[in-house]
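For reference, the chains in residue letters:
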Amino acid sequence: FVRCMLHSCYSSLILFFIPWAAMYDTVRDDGKDIADYQSFALLAQTCLLMAVNVQLCLDTHYWTAVNQFFVWGSLSAYFAITFTMYSNGMFLIFTSVFPFIGTARNSLNQPNVWLTILLTSILCVLPVVAFRFVLMQLRPTINDKVRYKMRKEAVPAPTPRRHPRKVSTRRSGYAFSHAQGYGELVTSGRFLLKRPTKSRSTLFSQVDSPLAK
Amino acid sequence: MMASSYNAKDEDGHITVSGPGGGTLKNKKPDNTAFKQQRLPAWQPILTAGTVLPAFFIIGLIFIPIGIGLYVTSNNIKELEIDYTGVDMSSPCFNCSQNFSWNSTRPCTCTIPFYLEQAFESNVFMYYGLSNFYQNHRRYVKSRDDSQLNGDIEALLNPSKECEPYARNENKPIAPCGAIANSMFNDTLELFYIDPNGTKIQIPLMKKGIAWWTDKHVKFRNPGGNNPNLTAVFQGTTKPVNWRKPVYELDTDSENNGFINEDFIVWMRTAALPTFRKLYRIIQKKNSMIPTLPRGNYTLEVVYNYPVGSFEGRKRMILSTISWMGGKNPFLGIAYITVGSICFFLGVVLLIIHHKYGNRNNSADITN
Chain G
1 FVRCMLHSCY SSLILFFIPW AAMYDTVRDD GKDIADYQSF ALLAQTCLLM AVNVQLCLDT
61 HYWTAVNQFF VWGSLSAYFA ITFTMYSNGM FLIFTSVFPF IGTARNSLNQ PNVWLTILLT
121 SILCVLPVVA FRFVLMQLRP TINDKVRYKM RKEAVPAPTP RRHPRKVSTR RSGYAFSHAQ
181 GYGELVTSGR FLLKRPTKSR STLFSQVDSP LAK
Chain L
1 MMASSYNAKD EDGHITVSGP GGGTLKNKKP DNTAFKQQRL PAWQPILTAG TVLPAFFIIG
61 LIFIPIGIGL YVTSNNIKEL EIDYTGVDMS SPCFNCSQNF SWNSTRPCTC TIPFYLEQAF
121 ESNVFMYYGL SNFYQNHRRY VKSRDDSQLN GDIEALLNPS KECEPYARNE NKPIAPCGAI
181 ANSMFNDTLE LFYIDPNGTK IQIPLMKKGI AWWTDKHVKF RNPGGNNPNL TAVFQGTTKP
241 VNWRKPVYEL DTDSENNGFI NEDFIVWMRT AALPTFRKLY RIIQKKNSMI PTLPRGNYTL
301 EVVYNYPVGS FEGRKRMILS TISWMGGKNP FLGIAYITVG SICFFLGVVL LIIHHKYGNR
361 NNSADITN
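These protein sequences, in sequence, are chains G and L. Residue numbers for the first sequence follow full-length UniProt numbering, so the first one is 1 and each next one is one higher. Residue numbers for the second sequence follow full-length UniProt numbering, so the first one is 1 and each next one is one higher.
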């Protein structure tokens with residue numbers, strides 16, 4: 001709980017103060033205003049969205065085509081909706097509801113703004129990555145150790161052995177528990193032997209092959 | 001084993017079950033496609049030393065040059081700020097700031113001399129800055145009527161309720177209504193250059209091209225279409241309480257009069273922070289041989305109309321050049337350099353940790 005609290009406090013501070021400091025007394029590259037209320041709101045909103053998306057990418061355990069579609073799709077939908085909401089047409093039809101007209105066009109074409117967004121998202125995600133990495137080094141969980149071992153064993157045997165066992169076909173993250181799981185594997189001690197075990201290695205070598213290269 | 005029996009009928013999705021009457025039941029199992037059986041090819045990001053450490057070093061190495069570039073660009077921007085609030089006795093504008101009253105017909109002027117150390121080249125932008133002015137107060141920001149400002153005749157004569165109490169005055173609707181319009185900045189600033197002979201030359205200031213294109217051409221429109229006679233169009237409305245002139249007398253140029261007056265538009269774009277600057281005029285560059293503002297003595301003449309003493313605000317005039325990253329703001333450069341170096345340092349620290357403790361992955365006590 002404390003870790004979550006710390007992480008969220010840190011993210012909130014970053015997501016506000018970096019755009020604030022970047023916008024303080026700043027103007028566009030043609031001299032016109034950018035530090036107005038609407039542009040600042042748009043900037044903070046976009047920073048937040050990018051940071052959340054990057055965090056999501058990091059936390060997704062199994063990247064399938066569906067995942068890719070939804071993550072990139074949500075980002076493009078955000079930009080599409082933002083531009084639509086801030087377009088001339090919507091303003092002219094519903095004047096008081098969409099007063100932010102022109103804000104996206106005028107602020108998102110500034111390199112200043114994009115650099116701020118990049119900085120904020122990376123700054124939000126860096127501690128998470130570093131923390132997880134350190135945890136993995138100092139206190140590896142059983143999962144991590146298994147993965148490490150499997151990668152070491154999979155690398156010298158690059159051809160994946162497709163075993164007709166059906167348990168390896170179920171590959172989505174949550175369904176891990178529906179498959180055999182580690183129990184039988186670990187207690188039988190086969191795992192500790194140096195020869196690649198058939199049921200596990202197919203699973204991991206399939207998944208790890210892009211990384212193992 | 002549970003696993004084997006589970007697997008036997010898993011793959012085949014088209015088992016037909018024969019019922020007792022000899023008919024076949026259509027099976028309800030999902031099709032045996034990769035998508036429905038969740039067999040899509042997948043990739044799993046695992047944080048290993050081989051991916052994380054290079055990533056940290058690369059990010060560090062990319063950010064530091066970006067930060068240096070931003071910082072150098074920001075330092076090359078020339079800026080000059082003159083605070084002309086007139087709070088202490090020695091300031092030329094002290095009299096103006098003290099003797100303020102709304103009904104004074106004779107405007108108070110003050111003159112501030114200053115010296116420009118370096119010549120300013122290319123387009124120079126003149127801003128007015130206010131401090132301690134909360135244009136981001138919620139009730140203030142809502143106090144406007146965008147339909148009226150868009151030229152809607154209906155809204156011109158019946159301003160929305162958001163504008164209260166600045167919607168009507170003496171039973172006539174106020175155009176433009178609202179607190180934002182009412183508090184429009186109305187000081188006049190003029191620049192004079194004093195050349196070595198002693199003659200005072202007025203510097204030409206451009207008042208067009210200071211507002212966003214979308215604001216001037218889409219968001220703000222004068223009512224009555226393109227009718228050049230704005231006095232007639234605004235018949236039946238009255239000026240905001242704190243204004244000296246009505247909205248159709250803001251400028252003699254008809255392209256800059258009424259609601260599409262650029263100073264008005266710039267003011268209506270409410271600022272996000274209590275200390276802000278807004279573009280006032282542009283000093284165009286002359287040919288590339290002569291600097292736009294040469295070194296030397298200048299004077300700033302202020303027609304002091306705008307009172308800021310009641311909320312302890314400050315007013316200033318800012319002259320600035322511009323680069324591709326906007327005005328002078330070294331924060332982004334410094335932030336990038338800092339983050340880049342922290343990243344690099346963190347990468348080194350993680351490398352050390354990995355070397356010392358990374359072998360725990362190889363330990364044999366896994367089954368316990």
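Since the hints were derived computationally from the structure, they do not count as laboratory data. Mixed in with the good hints, there may be bad ones.
Label-pair ranges, simulated between beta-carbon atoms [stated by the list, open to error]:
{"id": "1", "chain 1": "L", "residue 1": "169", "chain 2": "G", "residue 2": "17", "range": "40 to 46 angstroms"}
{"id": "2", "chain 1": "L", "residue 1": "303", "chain 2": "G", "residue 2": "4", "range": "53 to 59 angstroms"}
{"id": "3", "chain 1": "G", "residue 1": "76", "chain 2": "L", "residue 2": "225", "range": "34 to 40 angstroms"}
{"id": "4", "chain 1": "L", "residue 1": "91", "chain 2": "G", "residue 2": "17", "range": "30 to 36 angstroms"}
{"id": "5", "chain 1": "G", "residue 1": "16", "chain 2": "L", "residue 2": "226", "range": "41 to 47 angstroms"}
{"id": "6", "chain 1": "G", "residue 1": "70", "chain 2": "L", "residue 2": "138", "range": "32 to 38 angstroms"}
{"id": "7", "chain 1": "L", "residue 1": "170", "chain 2": "G", "residue 2": "16", "range": "41 to 47 angstroms"}
{"id": "8", "chain 1": "G", "residue 1": "76", "chain 2": "L", "residue 2": "61", "range": "26 to 32 angstroms"}
{"id": "9", "chain 1": "L", "residue 1": "249", "chain 2": "G", "residue 2": "111", "range": "19 to 25 angstroms"}
{"id": "10", "chain 1": "G", "residue 1": "30", "chain 2": "L", "residue 2": "312", "range": "29 to 35 angstroms"}
{"id": "11", "chain 1": "L", "residue 1": "58", "chain 2": "G", "residue 2": "90", "range": "37 to 43 angstroms"}
{"id": "12", "chain 1": "G", "residue 1": "30", "chain 2": "L", "residue 2": "203", "range": "29 to 35 angstroms"}
{"id": "13", "chain 1": "L", "residue 1": "275", "chain 2": "G", "residue 2": "2", "range": "46 to 52 angstroms"}
In this text, all values refer to a predicted model and were calculated from it rather than measured experimentally. Every residue, glycine too, gets a C-beta built ideally from N, C-alpha and C.
Comparing the hints with the structure gives:
{"no.": "1", "hint": "L:169 x G:17: 40 to 46 angstroms", "result": "42 angstroms, holds"}
{"no.": "2", "hint": "L:303 x G:4: 53 to 59 angstroms", "result": "57 angstroms, holds"}
{"no.": "3", "hint": "G:76 x L:225: 34 to 40 angstroms", "result": "39 angstroms, holds"}
{"no.": "4", "hint": "L:91 x G:17: 30 to 36 angstroms", "result": "34 angstroms, holds"}
{"no.": "5", "hint": "G:16 x L:226: 41 to 47 angstroms", "result": "44 angstroms, holds"}
{"no.": "6", "hint": "G:70 x L:138: 32 to 38 angstroms", "result": "35 angstroms, holds"}
{"no.": "7", "hint": "L:170 x G:16: 41 to 47 angstroms", "result": "44 angstroms, holds"}
{"no.": "8", "hint": "G:76 x L:61: 26 to 32 angstroms", "result": "30 angstroms, holds"}
{"no.": "9", "hint": "L:249 x G:111: 19 to 25 angstroms", "result": "40 angstroms, violated"}
{"no.": "10", "hint": "G:30 x L:312: 29 to 35 angstroms", "result": "33 angstroms, holds"}
{"no.": "11", "hint": "L:58 x G:90: 37 to 43 angstroms", "result": "41 angstroms, holds"}
{"no.": "12", "hint": "G:30 x L:203: 29 to 35 angstroms", "result": "20 angstroms, violated"}
{"no.": "13", "hint": "L:275 x G:2: 46 to 52 angstroms", "result": "36 angstroms, violated"}
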